[in-house]
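Asker: What follows is the residue order along each chain.
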Amino acid sequence: MKNRTPSSSRITRRQLAGALLATAAAAQTPSAPVNELQAAREQNQRSAEALAKVDVPMAVEPAFHFTA
Amino acid sequence: MAELGSEIFFAGISELNRMVRAKEATALELARAFGKRLETFGPRYNALALPLTERAIRQAKAVDAEIKRGRLRGPLQGVPYGAKDLLSVAGQITAWGARPYAAQVFDYDATAIEKLESAGAPLVGKLAMVELAGGPGYRYAAASLTGPGLNPWDRTRWSGGSSSGSAIAVAAGLAPFAIGSETSGSILTPAAFCGVTALRPTYGLVSRYGAMPLSWTLDKLGPFCRSAEDCGLVLETIAGGDHRDPGSAGKSFYYTPQYARKMSELRIGFAPADFSEWPDDAARPALQQALEVMRGLGATMVETRLPDFPFGPAIGAIISVDAASVFEPLIASGKVEELADQKQIAGLKAGLEIPANVYLKAMRVRRLAQEAIVKLFGDVDVLLAPARFGPAPKIDEPLDHHPDRARPKDAGFTALIPAGNLAGLPALSLPCGFAGNLPVALQLAGAPFTENTLLAMGKEFQSRTDWHKRRPPGAG
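In order, the protein sequences belong to chains G and P.
Quick note: the first sequence uses our numbering, first residue 16, plus one each step.
Quick note: the second sequence uses our numbering, first residue 83, plus one each step.
Some hints could be false.
Said to hold, decoys possible - Chain G side only, calculated, beta carbon under 10 Å to chain P, not exhaustive: (1) Leu52; (2) Ser62; (3) Glu76.
These aren't lab readings, by the way, just hints derived from the structure by calculation.
Think of the CB as a built atom: it goes at the ideal place given N, C-alpha and C, for glycine as much as any other residue.
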């Protein structure tokens with residue numbers, strides 16, 4: 016009886032090529048900076064969410080310093 | 083003239099100035115001695131950005147000639163100092179601690195440098211700093227062109243930043259005083275870790291003209307010294323209005339300890355949890371003992387709470403956007419990648435993406451927070467807290483790694499550094515003991531333009547303790 020690989024675990028040539036390309040791309044791009052950028056964005060998002068919880072009356076002006 | 087002893091390296095400003103006036107030492111001798119010491123030992127701690135001994139010698143000769151003619155300028159005359167490498171000195175490299183600016187030269191002096199030159203203080207060197215004064219944040223102590231600032235008390239520990247070299251130089255006796263800067267914590271933190279006294283002045287009191295901008299509404303320059311009294315003398319010299327700094331408050335400062343209010347008339351706000359629950363186990367005994375010394379000054383101790391605002395997120399958003407705007411050309415050119423710290427690089431890039439409404443919300447929350455904090459000073463004169471809850475971390479430890487431990491429910495004044503900076507408050511860092519072999523410190527924060535009150539309280543504390551006089555091992 017011929018061994019048959021279950022269809023769910025079969026990898027097509029296209030899938031294999033895609034996986035290899037992704038691996039190659041990951042090897043070329045240092046992963047740390049990408050993660051750092053994502054982490055910085057997430058930090059900024061958390062800050063925005065914390066600030067959004069504060070009710071600020073409409074009349075409150077930003078704390079800029081400006082004189083004409 | 084007798085040869086100068088090694089005692090001069092830990093003498094205070096008044097003593098060095100007295101020696102020069104009394105002709106026990108010349109300004110030239112002091113400049114040579116400190117210049118040589120900074121050049122010799124500065125690199126040992128990664129504290130030196132640029133030696134300026136030859137320049138200091140020229141300045142000192144002019145000072146000696148003036149003194150010979152009977153022209154006395156004030157308490158800093160003939161007293162050498164160092165300046166954080168974010169201050170421009172005409173014709174000299176000002177690298178801002180960052181590789182992309184390693185060859186940068188300005189053709190003018192920063193106002194603080196000008197004022198100190200006018201006072202007769204020779205500049206012996208530019209001092210190391212965290213790259214771009216820390217920008218929107220950094221992960222490692224090594225985030226500097228000159229390497230990690232090494233703590234004079236233990237070189238396996240960090241000096242703190244971003245004014246690393248300023249704190250190290252004073253702690254190790256490489257300069258009698260130094261100028262640093264703070265946007266959020268960059269004076270108080272290295273002062274605490276290195277065991278020196280330092281003052282963050284009220285926003286706008288000291289001109290930032292000629293200083294690297296990081297965040298226009300937060301940046302401040304201040305002194306690192308051996309005592310609160312010395313901080314008063316330096317602040318008096320560098321403070322004052324300056325039309326070249328749009329943030330200048332247009333105010334002068336006169337150090338007037340003789341008019342200080344009696345301690346018994348003052349009210350000190352504090353949060354017990356800051357001394358009982360928040361400190362590291364190693365730092366807690368020293369901080370609790372220091373709290374008792376503060377109680378003994380005679381002031382009324384008042385349990386106080388900071389108003390409830392997202393101080394950290396607000397200051398984070400403001401610094402991130404300002405820094406990204408200041409350094410947008412650096413980011414656009416791609417040279418931002420030359421910075422040492424990946425978190426700093428990412429933070430600068432991400433700062434460009436923060437929406438305007440978030441920035442404006444932060445600045446409007448800041449307004450509310452400022453009003454609430456000013457109101458707090460209707461009940462107390464000074465806020466007291468540990469400058470940091472533990473001693474300096476190990477040099478290779480990620481700075482954003484927080485050990486797993488239960489956070490106390492009472493927040494105490496844990497947000498005092500961002501809150502104080504958002505509100506533009508002055509603050510004084512006072513060495514108050516040790517955790518093992520490493521210094522720990524208190525911070526006193528006051529209402530805007532109450533530096534004299536903070537300094538008087540600091541002076542009183544230092545008259546009852548000698549932590550500010552301790553010297554690191556091997557520093558001579």
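Asker: Look at each hint and say if it fits the structure.
Answerer: Verification of the hints:
1. A distance limit of 10 Å between C-beta atoms decides the matter here; for G:Leu52 the minimum to chain P is near 4 Å, and the interface restraint holds.
2. With a cut of 10 Å, the hint placing G:Ser62 at the interface with chain P holds, because the nearest CB-to-CB distance is about 4 Å.
3. Hint status for G:Glu76: holds, given a least beta-carbon distance of 6 Å to chain P, under 10 Å.
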